[in-house]
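Engineer: Input sequences plus hints: build the corresponding full structure.
There are 4 protein chains.
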Amino acid sequence: MKYPAVHYHNYLGLDALLSAQHPKSAEYGKPAHDEMLFITVHQTYELWFKQIIFELDSVLATFKKDSIPERELGVTSARLERIASILKMIINQIDVLETMTPMDFLDFRDMLYPASGFQSFQWRLIETKLGLRMGDRLAYNQAPFYKSLTEEQQKEMMNVLNSESLFDSVEKWLERTPFLQGENFNFWDSYKQAVNKMFQADIDVVKKNTRLTEEEKARDIAGLEATLKSFDALFSEDVYNQLRKEGQYRLSYKALHAAILIPLYRHQPILQTPFRIIRALLDIDETMTTWRYRHAMMALRMLGQKIGTGGSSGHKYLSEATTKHKIFGDFFNLTTFFIPSSQVPPLPESIAKRMNFSY
Amino acid sequence: MKYPAVHYHNYLGLDALLSAQHPKSAEYGKPAHDEMLFITVHQTYELWFKQIIFELDSVLATFKKDSIPERELGVTSARLERIASILKMIINQIDVLETMTPMDFLDFRDMLYPASGFQSFQWRLIETKLGLRMGDRLAYNQAPFYKSLTEEQQKEMMNVLNSESLFDSVEKWLERTPFLQGENFNFWDSYKQAVNKMFQADIDVVKKNTRLTEEEKARDIAGLEATLKSFDALFSEDVYNQLRKEGQYRLSYKALHAAILIPLYRHQPILQTPFRIIRALLDIDETMTTWRYRHAMMALRMLGQKIGTGGSSGHKYLSEATTKHKIFGDFFNLTTFFIPSSQVPPLPESIAKRMNFSY
Amino acid sequence: MKYPAVHYHNYLGLDALLSAQHPKSAEYGKPAHDEMLFITVHQTYELWFKQIIFELDSVLATFKKDSIPERELGVTSARLERIASILKMIINQIDVLETMTPMDFLDFRDMLYPASGFQSFQWRLIETKLGLRMGDRLAYNQAPFYKSLTEEQQKEMMNVLNSESLFDSVEKWLERTPFLQGENFNFWDSYKQAVNKMFQADIDVVKKNTRLTEEEKARDIAGLEATLKSFDALFSEDVYNQLRKEGQYRLSYKALHAAILIPLYRHQPILQTPFRIIRALLDIDETMTTWRYRHAMMALRMLGQKIGTGGSSGHKYLSEATTKHKIFGDFFNLTTFFIPSSQVPPLPESIAKRMNFSY
Amino acid sequence: MKYPAVHYHNYLGLDALLSAQHPKSAEYGKPAHDEMLFITVHQTYELWFKQIIFELDSVLATFKKDSIPERELGVTSARLERIASILKMIINQIDVLETMTPMDFLDFRDMLYPASGFQSFQWRLIETKLGLRMGDRLAYNQAPFYKSLTEEQQKEMMNVLNSESLFDSVEKWLERTPFLQGENFNFWDSYKQAVNKMFQADIDVVKKNTRLTEEEKARDIAGLEATLKSFDALFSEDVYNQLRKEGQYRLSYKALHAAILIPLYRHQPILQTPFRIIRALLDIDETMTTWRYRHAMMALRMLGQKIGTGGSSGHKYLSEATTKHKIFGDFFNLTTFFIPSSQVPPLPESIAKRMNFSY
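Protein chains in written order, with numbering that gives the first Met the number 0: chain A, 0 to 358; chain B, 0 to 358; chain C, 0 to 358; chain D, 0 to 358.
No lab work stands behind these hints: they were computed from the structure. Backbone N, C-alpha and C define an ideal beta-carbon position, used for all residues, glycine too. Certain hints may be false.
Stated by the list, open to error - Some chain D residues close to chain C (C-beta under 8 angstroms, calculated; not the full set): (1) Gly12; (2) Met35; (3) Phe120.
Claimed, not checked - Residues from chain A shown here face chain B by an in silico Cβ test under 7 angstroms; the list is partial: (4) His6; (5) Tyr7; (6) Leu11; (7) Leu16; (8) Leu17; (9) Met110; (10) Leu111.
Structural biologist: Written out as structure tokens, the structure reads:
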């Protein structure tokens, strides 16, 4: 009533959309039936990539704020979860693509040379917006990837590379976490004490264990002490910064503290949404990794050891990229340093209160 | 080498594809974030519908032949299975769409009026190509659906309605099934005998059962005789044709015979692929039905009892269409008349041999 | 170290678990290969049902508290989401079960008579714990369902029927929602005004629309007034209670208010988790409904119009139960009464502040 | 009627099944809610593993025959496809398991030490029955895996290791493929000629290409010749056997021929089912690989760089096992040697006829 009438067909731009399929095999007079499936799978991927970028941009806009209103945090968390849910869904498209046999692919494969999924500008944009830096990419794929872009795309990519990524914004947001230090509470000190206490108790258990020989005791205690030693990465800023320099960690030392605090106290009302956000980032990273992996398997199946349509050995590249291109790897790695909830230092009343509503 | 170099971006027509998203809410200066998701979901649906139509057309081309070469049957079966696999995959997109809340939908819903998924020309085309006739559609939706098409679309729809559907071709193909009657074998007679024998044996078991009272015996026997009576629909051409006229069955009497023979002797080499084809048709029908059902649920969730964006009560319509729009319902219903493999009449050696390879 | 060594095999009770498959067909000397699949599918279902009940019990324990600490709400929401995620996953088991053909089923079907999925005590328990009352069940299935239970199960079922269901607890929790009425804010009055204002504005637009004839204007205005009238169900406690008595609504009038308030102001920090809980309940209800639907379709496919293994017409029953057995239907229906966010009355500063953290 | 009445509860052995969950955390008086989920996920896995073994055993029974009747081949293919479909379905259980956070896991993790999924006897049995040999397993995991079995399990495993695996039987079946050599047709010779002709034509195209410099021509021709050279692995029995000895291939030279013939002529009626079987084997291998990969990711997420519950670095092990434990890798690799259908040598009439039915 208030708005002009809309028709489904026009609203969705179906004329443009449904006339954008141009199989090369038909063009060359050698129609290969399965090329249409190949096109459809990749076109729907690209539509979903655009959607992911759209969600990501809105999340970035929120995260770039110097102070994020709590009421926007819920929306942000939902949008990150939506991205994860899109990624999970489109992974299943690989099952559909695999209804095409390698022999069917062979009938039009040469006609596409050297086009390749590696040239997907949007996928690279997603990786970059999330926080993958040029130097994080597998060495031999940096240049070809960049070179394959149009001038306009190169400019856009440069802009993105030069602006704050989601990783960067999340890091700053973590650094701003209140509660890391209060008047009568220093999280990091308490945590360090709890860790030491826990290991000391474990060592005592070993010492008092009458079923163990002295030799066994020595071995077990050495093991515990070695594990405790690994916490140095956490508790010594110098050690941590050294490891960070070597590429083992990426988060700043301050952000790291929050990345430990939030999971440990995740049930506190004020930390529930931040915790969901961290989980969603993990989900996205893990799902992108699975995506690369499944594509590597599919490439192997379709092409054998042959080089990919894009001239690179698709399978080998993808299976290496699988782990190397992880962005929020720190969130995976920090799990090592969590302690059981029974050992987590209790919060002082005053802090707990401030983490809660007071309506 | 042999072909001009191709770039991923151009090959996929990404310029056209990625510039076909035009949210109304942005146009009206009231950007509603989730409208983009709404567009993406529907656009990818339409791309997949085009793919399904493409597969369906190739299947129809084969099935319209007066005699289908065995070597094409395998391909046809694989393409029908692909359609089922696409349908299963896109049902999961509903989970992604449901990450949009009803309130978010409300922010742009009025702007789309009266656009509606009911106006999807391609979906209707799929239904029609499969064999849904104008008269099979829910009464109150026939006209609006047809009226909403452009003139060109109406012409195309008319053409499809007037040409052989997959149901029609499959029916003819079933009617041509060899083995229904050989020199020394009449499948239908053997089958009838087997059914009678089976029921007679069941009745005998009851009669001899000393644990039953005469009354109980009478009741059980009456039950068995009633079930046996239901086979009249099968064994009397007149009864069957009457039921067919009333809309309870759609397949011709002759095709019906093959639709029983194939599942019963599905392990015979020559019937393995025909059986797969019947299963794929069942899968497609069942999945389209689930699709309608899940959309009905989603519409209810998004709109409550409100009328759909297209002006019809989406939920009510869809949940009725769910069962009414089934096309290969006979294949579901005939299950009633199958008998356990131990009762299936054995094939004469000569027939069994002809159903096998003889290299 | 601290605990005795554990072995995977014993920990999981695999001896008991993997020796609990007893195909009848083997027992009777007529081994039917696919009976094992039939058993496995149903056994894994029952294990998952136990898991769902386990989660549900923990959720119920929290919800039965007179005042639920905010910090438990996050956990509760996550557990409800887990239940939805389990249900979604096990629906896919139907695809696996459907790799069994109706003919294969026929080879052992009679041996199971009258066992049937309808006798799943745990599934009924889930429905009942969620809030399905005896009277909500399809009439002709109430007695058989109850009669099929062992004495002990009947006692347990009675206990559950007589104690607070999740629906009951959620209703009470909604009734306790603060913010429905403050010193200077009455949500219900503001909402009523906003609705009236919105409709009045719509009517004005029609009146001023020079492109409409007087007749068209009258028709459009009548339409708007009719819709506005439907809000009486909301704004008149008497009308609502009458509809509630007739079974159209189930929530109390007070709980209803909260069920509208929470979605409208879902971005407020204190309402984010309650909103997730409502969504999770919707998801569970919708997924259980889809579950019943897909089982109905499968029953139809496996049995045709034959009566189910349990003696009832499985297909017909299930497809009716599909909608009738919905528990949180009110949450679906209320969607009708939501208004676009631009029309939602803004919260007074003082209220908004109390809905936020103040660390 | 004919069989004693059966009750769902007893039929499924639910008393045994539903009393087999014994959380350690409850036993030790420190109940950790999520341990139940952990148990359920693994118990349902084991039930599905038993089902897979059941299907596999029936497939093995058929494949061990010296001559497999065509009518059993269809069933076999369907059962292999069922295994693939089970594997795909249970991979999704990981999504459900990941609703448990690493912190929740930590609360009972130590109590399970050193139990671990690596101790799943049934999973190892599946791998072994498919054809994974002791020496194929990652070195440092051979002994611990075997040692962790009970004496009875070790005996069973030894039996399986010493009997024909599915790989072995499939290899023999491939070797028996008719049509590899007929009176007037030698597949291998024809194929070799076709390959040579194709490459020669490609080289000619380069030579005549006036747009290329002599240098470019030389480079392109060298490339083509190198690729052609790689076919030596195929066409020289000595080269192949050498590579086979080095572990690059596993199939015998004769089986290899059939593994090329079947995909190339897959549309011939008699090869349709064999082709489906090869695809199903690929699907199973690929899905098991994805399964290992997703478990590796999950282990990383749950444990960080910590050692797994079983004392080995779960993540690292699994991600290596991912590719190393592939069994039908040859089917993946041979893809390299397929040629486009337009180049495939046509079959002599007499052969084509024998590949078809002649009813």
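Engineer: So, for every hint listed, does it hold in this structure?
Structural biologist: Consistency of the hints with the structure:
1. Gly12: Since chain C brings a Cβ to about 4 angstroms from Gly12 of chain D, closer than 8 angstroms, the hint holds.
2. Met35: Holds - the Cβ of Met35 of chain D comes within 8 angstroms of chain C, reaching about 5 angstroms at its closest.
3. Phe120: Holds. Min distance 7 angstroms.
4. His6: With a minimum Cβ separation of about 6 angstroms from chain B (threshold 7 angstroms), the hint on His6 of chain A holds.
5. Tyr7: The hint holds - Tyr7 of chain A has a Cβ within 7 angstroms of chain B, the shortest such distance being about 4 angstroms.
6. Leu11: holds (5 angstroms)
7. Leu16: holds (5 angstroms)
8. Leu17: holds (6 angstroms)
9. Met110: Where the cut-off is 7 angstroms and the nearest Cβ of chain B is about 5 angstroms from Met110 of chain A, the hint holds.
10. Leu111: Check passed: Cβ of Leu111 of chain A comes within 5 angstroms of chain B, closer than 7 angstroms.
Hint check: no violations occur; every hint is consistent with the structure.
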